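**Q** So you can see what is in the structure, the chains are spelled out below.
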Amino acid sequence: MPTRSLIKKNKYIDSVSLMAISTKAAALDGVVNAVAAMATPMNKDVLTNQGLMTDDIAEATPGDLVLIVVTNGDEAGADAAMNALIGLLDRKPTGQASEIVHHTIAAAAAARPDANIAVISVNGQYAAHEAGKALDAGLNVMLFSDNVPLADEIALKRRAHDAGLMMMGPDCGTAIIGGISLCFANKVRRGRIGIVAASGTGAQEMSVRIHDFGAGVSELIGTGGRDLSAEVGAIMMLDGIAALDTDPGTDVITVISKPPAAAVAEKVLDRLAASEKPAVACFLGAGPELMKAAEVRGVQLFNRTKPAALAAVIAGGAREADLDLHEINRPLIEEVRAKLAPEQRYIRGLFCGGTLCDEAMFLALEKFGDVYSNIQKDPAKRLKGSDPSRAHTFLDFGDDEFTNGKPHPMIDPSNRIERFNAESADPEVGVIVMDFVLGYGSNPDPVGVMLPAIIEAKGAAAKTGRHLEVLGYVLGTDRDEQGFEEQVKKLTDAGVTWASSSTNTGILAREFVSEGEDA
Amino acid sequence: MRAISADAELLHRGAQNLAGRVLSVFGKAVNIRAIDGSLWAMAGKTAPDAPATIRLDVTSLHRYGLSAGTPVTVCDETVVIAACLMVDLAAAAPWDPSRSHGPLDPQRVAVADRALRRYGIRTEGRTDLIGAATSARIASAIAEIGHAVRRQDAAMVRAAAANIVGLGVGLTPSGDDVLTGLTFSATQLGGPLDIVPEAVGAVATDGATHDLSLTMLRAACRGRAAQPMAAVLAALRGVGDVTRIVPLMADLIAIGHTSGTDQAEGLLAAVHMYMRM
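Going down the list, the protein sequences come from chains A and B.
When the letters of the first sequence are read in order and numbered with the working numbering, they come out as residues 134 to 652.
When the letters of the second sequence are read in order and numbered with the working numbering, they come out as residues 22 to 298.
Treat the hints loosely; a few may be bogus.
[Stated by the list, open to error] Between beta-carbon pairs, the in silico distance windows are:
{"id": "1", "chain 1": "A", "residue 1": "D162", "chain 2": "B", "residue 2": "Q37", "range": "49 to 59 angstroms"}
{"id": "2", "chain 1": "B", "residue 1": "A160", "chain 2": "A", "residue 2": "E409", "range": "28 to 38 angstroms"}
{"id": "3", "chain 1": "B", "residue 1": "R23", "chain 2": "A", "residue 2": "R323", "range": "30 to 40 angstroms"}
{"id": "4", "chain 1": "B", "residue 1": "S119", "chain 2": "A", "residue 2": "R470", "range": "32 to 42 angstroms"}
{"id": "5", "chain 1": "A", "residue 1": "D403", "chain 2": "B", "residue 2": "P127", "range": "37 to 47 angstroms"}
[Unchecked claim] Some chain B residues well away from chain A (every beta-carbon gap over 10 angstroms; in silico):
{"id": "6", "residue": "V95"}
{"id": "7", "residue": "V101"}
{"id": "8", "residue": "L106"}
{"id": "9", "residue": "A111"}
{"id": "10", "residue": "A112"}
Hints were generated in silico from the structure; no laboratory data involved.
Only a predicted model underlies this, so the values are computations on that prediction, with no experimental measurement involved.
Idealized CB from N, CA, C, for every residue including glycine.
Can you build the whole structure from these sequences, using the hints too?
**A** Okay, structure coming up:
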């Protein structure tokens, strides 16, 4: 078989790139096998046994890189394969900025025929048009833009479905495809649990919890927040589940969504039940009827994120006894209750992440009736962002009302700081709850930017003899660039109580201001 | 730029002996060849403490525009890399790998075994011609070393190690990573494994493998390896809560691409050899 080899003297390439080059080269047309390895004596011994030794390889030293392609075509094909392998080697490593700017999707697609996904973030009124052009170019689409008309979303998703492509979004902020994080995503371990998510921070929370339990994520497919509405009918979520079903890198399928339309939820459960792979669903706020619907289909359904992530990890082969479950700290609850005055009865949740806000709100609703929010389904309990807080109030600062003309609160915290200052002065406040989201795209120091306000407010409260309880949740992993441990330490050093997950955050918040032991 | 911590052995050599040239630049680490030919590295703060490594208070080293061949000079306790980067070593905390003691807990070892099987990168990178030969040879070498330890036959350990040193894909070949895990664990566990470090040291000769691998392997022979390895060993000997074992194994597996998995494989091989005695 025509074979080509080449020595690159003193060539240092990290292992990830070396292995990626080997894998990509082996997938080239006509290539039977490809090698990209250091020329150590033992590797040369293997090559000798395979009949691939040449004089050049024999003279190479352990600091040199050996490239080999074995092909099943003609000599010209072998030359082309080696040139392609060299091309892979010389490509700019990932992680460094590209200097090439393409002005249209069509031009970018033409220049990078190996690309298979377009990430689109333009003003909502142009977004559907650009997404359509990307689909025309045969690209899967992640559409970050929001404010895209519902009719356009349905049309785009149907078109993508018919073409066998993914239409992630609109308003899709998080995805991890082939190990590459797109937009807002955390740095999590690769593994064998696939996620399809109709909520951005829900997707982040699931992936982070799975990482924290020691497992990893194969693919994280976003759908956009409206996908499970009655109108859209979960077109993308069903396609995402189907993709994971056939993905050899995925052993367990997990889906997460804010409360879906009932009929659509059942459609998703039916699809999960039809999969031969273990499936776990998390529909926040799911009531008894939906839980029953899942049970009769044999699908594990949860209405909290942490138990859902745990179930997925266990379905993947982990043993619960081996894991740190981060159980609720009951002595802490008693300690905080003892510090609060009788009038300090209410939770004020100030969230960047919509799903984190939802989960904390649903957990509060399990105990309290007077729960208000700008994302409440019940119109009687819905607040505008500018309304003063009432009783237990949960605000999602990522909602359109706050982000219109301003960056997302994960980047720009000014709205939340302003609201925090107001809430911290309210004598009826028992606990202020905040999330701090790490990962790609987020503020480089999300805790740091809130810290002066927290320290000042706690100091002011102390001067009046009042305890100001602040509960903070850092959504991130030990691999995120912001430094997970540093962010947590900044919080705890400032006297903030740290919660270890979104679920624990909601439980702690409601227990701090209630009585009894049913946490 | 402040150095957060540094290998105590490296600091002990004296800052002036760190001068040399940049050998290679990666996102997480910059490798430098000192004038005496030895290698050392600068890494970002998310990297673990490791032999011959100085950790800096940054997350990525890409943005400093460093490139191979750039001169590295030293003035007092400041390392200067061209005009790109000045690293102040004065506040760097000296790091030595923690030593653990006490018996191995079989239940904890079983948890670590499961974690490696479940989360280790088992097939990626071992699929090409060299990779395919690697797994079988490594398995065979581990079995031979186990047999040699039972017989207390240092020559047999040396022969088995020689069969896998420098073997495999990646910048630090898999065989070297397995030997690193096995040897470092042998220095900590001692007893019947005392014959391993010297035997492996005897095959870690110039030209046997890549220089980066040699630096790592020789450090392991002196009882020095990346901190996650020491942390896992300590946990297997009863330090901390049992639920910490899976995340500690995950930290170890996260080293490099397949390096962490291979080092964990070597570590657990040593642990099983010790327990069987």
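**Q** Each hint should be assessed against the structure and marked as holding or not.
**A** Going down the list of hints, with the structure as the test:
The supplied range of 49 to 59 angstroms is met by D162 (chain A) and Q37 (chain B), whose beta-carbon atoms lie about 55 angstroms from each other. Restraint check, A160 (chain B) to E409 (chain A): a C-beta distance of roughly 32 angstroms satisfies the suggested window 28 to 38 angstroms. Under the hint 30 to 40 angstroms, the C-beta atoms of R23 (chain B) and R323 (chain A), about 32 angstroms apart, fit the expected range. At about 39 angstroms, the beta-carbon gap between S119 (chain B) and R470 (chain A) stays in the expected band of 32 to 42 angstroms.
Between D403 (chain A) and P127 (chain B) the C-beta distance comes to about 45 angstroms, which sits within the given range of 37 to 47 angstroms. Chain A leaves V95 (chain B) outside its interface by the beta-carbon criterion, the shortest separation being 23 angstroms against a cut-off of 10 angstroms. Every Cβ of chain A is farther than 10 angstroms from the Cβ of V101 (chain B); the closest lies at roughly 22 angstroms, confirming the non-interface assignment. Listed as outside the interface, L106 (chain B) is consistent with that label: its C-beta sits roughly 17 angstroms from the nearest C-beta of chain A, beyond the 10 angstroms cut-off.
For A111 (chain B), the condition that its CB be more than 10 angstroms from all CB atoms of chain A holds, with the nearest at approximately 21 angstroms. Against the 10 angstroms criterion, A112 (chain B) stays outside the reach of chain A, whose nearest CB is about 17 angstroms from its own CB.
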